[in-house]
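The opening residue of the sequence shown carries number 1 in the numbering used here; numbering runs sequentially from there.
These are computed hints drawn from the structure, not numbers from a lab.
Be aware that one or more of the hints could be misleading.
[To be verified] Below, in silico cross-link-like pairs of lysine-lysine (DSSO-like), each with a Cα-Cα straight-line distance of 27 Å or less:
1) K99 x K57
2) K60 x K99
3) K63 x K99
Remember, predicted model here, so these are calculated numbers, not experimental data.
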Amino acid sequence: MNLLLLSLSVMAIWLMFSIYRSYRRRKADMFLPVRSASIIRIRSYKSFGILATIRFKDEKAPKVGDRLCEQGSIYQITGVVAPDQSAQLTGTWDCRLVKV
């Protein structure tokens, strides 16, 4: 009987600890910076995410993991397609997105 109570107590403590860690990790992701951009065209919805043409308002190239906000929805970039030179100069990129 004592062994059963001890094992249940250990499992309960481990469960509370794991829930706390996942909550803190999710909360920390909410405070990542969001880049200003506008989605020009959504080309397709695939099983791997959304493929969209995006124009960034700053001069930096997008990286995997960047976040952007469009009409109240936050998207995270999961992949970047290298554009040709003219599109790169205007700040237009094709990116795979996932809605967060």
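Exercise for review: State the violated hints by number, sorted upward, taking the hints as numbered earlier in the document.
Suggested key: Result: no hint breaks.
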